[in-house]
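Chains as they are written, first to last, in the working numbering: chain A, 1 to 371; chain B, 1001 to 1128.
Fair warning: there could be bad hints in the mix.
To be verified - Okay, derived cross-link-like pairs now, SDA-like style, lysine to any residue, Cα gap no bigger than 25 Å in a straight line:
no., chain 1, residue 1, chain 2, residue 2
1, B, Lys1121, A, Ser52
2, A, Lys289, B, Ser1090
3, A, Lys361, B, Ala1037
4, A, Lys361, B, Pro1035
5, A, Lys55, B, Val1115
6, A, Lys289, B, Thr1086
7, B, Lys1121, A, Ile53
8, A, Lys289, B, Ile1094
9, A, Lys289, B, Gly1099
10, A, Lys239, A, Asn254
Hint data in this document are derived by calculation from the structure and do not stem from the laboratory.
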Amino acid sequence: MYDIATDHAGGLTAAFLLLLFVFAFGRGLRLLAGRRVAWAVRVTQAYDAAPSITKLAATLMLLSGGIHLALVPGHEGITGVLFGIDGLGFVGLAIAAFVTTWWRRPAVLWLVATILAYLVWIIAGWETPDQVGIACKLIELVALGLLMRLANPTRRTWPRRVWRATAFPLMACVTTLGIWVGGLAHPDALHAHAGALLQPVADVATPEQQAAGAKLLADTRASIARYQDPAAAIAAGFKPGPVSSAEPLRHFENSANANAVLDPNRPQALVYARTPHGLQLIGAMYEMKRAGQWGPDPGGPLTQWHQHEGICFSPFGFEFSFETPFWTCPVGSTSITTPPMLHVWIIDNGKNGPFAADLDKTVQRQLTGRS
Amino acid sequence: MNRTESINDGASEIASVLVAVQASLSLVAGLSALPFAIVEPGFRVLGVMTILIAAAMFWLARNLRRGRRWAWQWLVSLELLCLAITALLSLLPIGAVRGPVPVLVNLVIPMAVVVVLAGAKSDARRAA
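Isolated chain B, as found in the complex (with noise of 0.2 Å):
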């Protein structure tokens, strides 16, 4: 394989594409609420955090690509909430978690970026 596929291996890439794609999602989502925020203006609050929220995801995909340390921490806090949210919302009989995509978006890619995250953890600790 070419150099180019070597420099970019890795955990950390792999967990940076998929904090990608979750904030992605996140900024989809907090763009689409802005045109109900006209008639309800709680949403303006919702929408807006929720790009903020989406922007920070980006950045901490960035830094860790350059493997900050504190970026793995706030990611790996992250996506645990985010599991655990998950885990409380299907318990409820409301309907939030039905069908492939609801379990790839909020279950599957958060515990792969986890186990990604974790895994290179463990590689550099076996490095070490």
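Chain A on its own, in the form it takes in the complex (with noise of 0.2 Å):
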């Protein structure tokens, strides 16, 4: 669900970089010092006087800034605008670590107003949330969790206690969510609902790829009228999942035809609905063998393949949640990323045609009697 965007993976390369950088920097301070250069002599004192949790902060601080600063180009206006101040402050605050006192609360204040303007921008939209802003807001949350520890309570209430202990916690919870509003809000063009990419197309089909969209889908049809009896399919070899309250579709599958490549007379598994007088074959579903591994279309955009990614897959039976977009997943089950599948829906599927990821709502409702 969250990718690297394109225009940030320079940020990736810049906080590598940065993190080399300030190697490099220490050593050669170190060296100057050793050879009694006056201010080589004064920072390293400065920097060695400092506690590991203010050093820490900084660095941490300083990579943030390193990050927003790469980021710059590739954000036309005010974003971009901001970006750059927004980096520069972080690099003048970790500096100030080292060399002011009062440095603390304005490294709190920058870093709160970094992540709450982050989530105004990502639940606007204009803003996609992406594995490097988040990666992002990790570093800061982290940087604000070790200030909040530098803190000196001067009144110890029961209010400031219980605020203490629940600020954090609250911080990384609206984040979260955050995060998680604006992504599901505002998705981008590949991602058909939550969790589901699709595979990238051109806008319209070409004649052709309409006279094989049309093929796939009689020949589906034709391959898999023999199994409207799920005694059929299994007596084929098919197993049928296991059962969700969640799930008012059903797949049975096939891992013998586990090496097919869109073959309608070998579909990877078939699809139920169950119905209140029982199941009943509403289509087939091709899949690819690894993720990421897109099959062949040769309907074009009409039979564009999708996979299922950020789903907590619980190994105790068809259970799942999404996960946070801090990739954490309930204890028990862990984030899975599917193979590329295709569905062909052998019914009616309404506006979202025979090839959709999802069958139709209004579809599924007639069909099972719940959405």
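Join the two chains into one complex using the hints; note that each chain is given alone, in its own frame.
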């Protein structure tokens, strides 16, 4: 669900280079201080005198600053300007941590403002959440946690204690929720629904592609007609997936067909709807072997494959939720990415069409009695 | 630097913050599973378990700051378990660890906690 945006990839490179630079700069300083260069001795002494928690917080702010500055060229207008100001602010505060005593409060405010501004941008749809942005927020959250530990509570009243204990988890929850809301409210063009990444295809199908799509539908319909009765499918080697109260459809998979590629005679799975009168065959599902390996799309944009990402899957059954933007799942489940799949619906799938990633909600409600 | 910083300095402080970050992320994961539990009863158990584990991690972080040896032992064990599970999952072709965010959350932070805690123990031995 969260990829690395092309214009953000430079941020990762900048982070690596910055870490290398900081390491080399530190070694150079020590070398100059060893040769009694006055300013190098002063800087080294200030650094050595700082507590390790300050050193780490400053390094993380410097890292965030470097990433923001590296992203300026890829962002036009106000976003680019704010990235520049933000990056310079972080660099300034990282330096201030070793030469001033007042840096902590401005740094806390800067971090909180940066995280909240990111959430506003994401929720407003001015920026798409991606892994570079989310990693940057994680770095900033850790820096914020470190700075909060540096606070010197003057009055230890109960409300202040409660605030100190809950402020950080609350900030982490708000950040996660904000990124999540933004990502779900403004999915990019290649996300059909939460967690489904679509194969990149052309906008319009050619007449040849339309004919090829119609042939695939007809071939699939003719081939799987023999499995109207689920018992026939089981006899042919299809194994019923686990029953889930959350899933009104049921997939029967045949591992013997794993190596077939878009073969109407050997689909990887059959899809049945759980109707009040029993299972009804409504389509087939073709699946590739590996995640990221898109299958052939004879119908062009009509036969667009999709793969599911960011699903928290529990091996105890077909139980799943969506992973958080920080890639965490509930205990006992793990994030998975499925291989690309293509559904062929042999029933009228409404406005979604016969190759849509999802069954049309109205059709599903009519079939199963629930959405 | 001011006095506050020297009081709060130390490996256990850094490790406790990192554990608090992990606990916060677990808390969010547990809370986020609860809406799915309405239709998927299995996630009710997993969600509540995750929230309880997050609460236990906050408690361990608190006791680590207070210098409790058992908290140190529990956290090192937990982080090593987390690293082992991550290593196992990354070997499976399920795309569980893909990109900088899962690497930071599942690999870098647990490893940093183990390194910091191990460093703190060796420092304490040297001081003794």
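For each hint, the structure was consulted:
1. Between lysine 1121 of chain B and serine 52 of chain A the alpha-carbon distance is near 16 Å, which keeps this suggested pair within the 25 Å criterion.
2. In summary, the hint linking lysine 289 of chain A to serine 1090 of chain B is supported, as the alpha carbons are separated by about 17 Å, within the 25 Å threshold.
3. Between lysine 361 of chain A and alanine 1037 of chain B, the direct Cα distance comes to roughly 21 Å. Compliance with the 25 Å bound is thereby established for this hinted pair.
4. Restraint check for lysine 361 of chain A and proline 1035 of chain B: the C-alpha separation of about 20 Å stays at or below 25 Å, so the hint holds.
5. For the hint linking lysine 55 of chain A to valine 1115 of chain B, the alpha-carbon distance of about 16 Å falls within 25 Å, and the restraint holds.
6. At roughly 23 Å between alpha-carbon atoms, lysine 289 of chain A and threonine 1086 of chain B fall within 25 Å of each other, so this suggested pair holds.
7. Note on lysine 1121 of chain B and isoleucine 53 of chain A: the hinted pairing holds, with a Cα-Cα distance of about 17 Å set against a maximum of 25 Å.
8. Distance hint between lysine 289 of chain A and isoleucine 1094 of chain B is fulfilled; the C-alpha atoms sit about 11 Å from each other, no more than 25 Å.
9. Distance restraint check for lysine 289 of chain A and glycine 1099 of chain B: the Cα-Cα separation of roughly 21 Å lies within the 25 Å cut-off, and the hinted pair is therefore satisfied.
10. Restraint check: the Cα-Cα separation between lysine 239 of chain A and asparagine 254 of chain A comes to about 6 Å, which is no more than 25 Å; the hinted pair holds.
Of the numbered hints stated above, none is contradicted by the structure.
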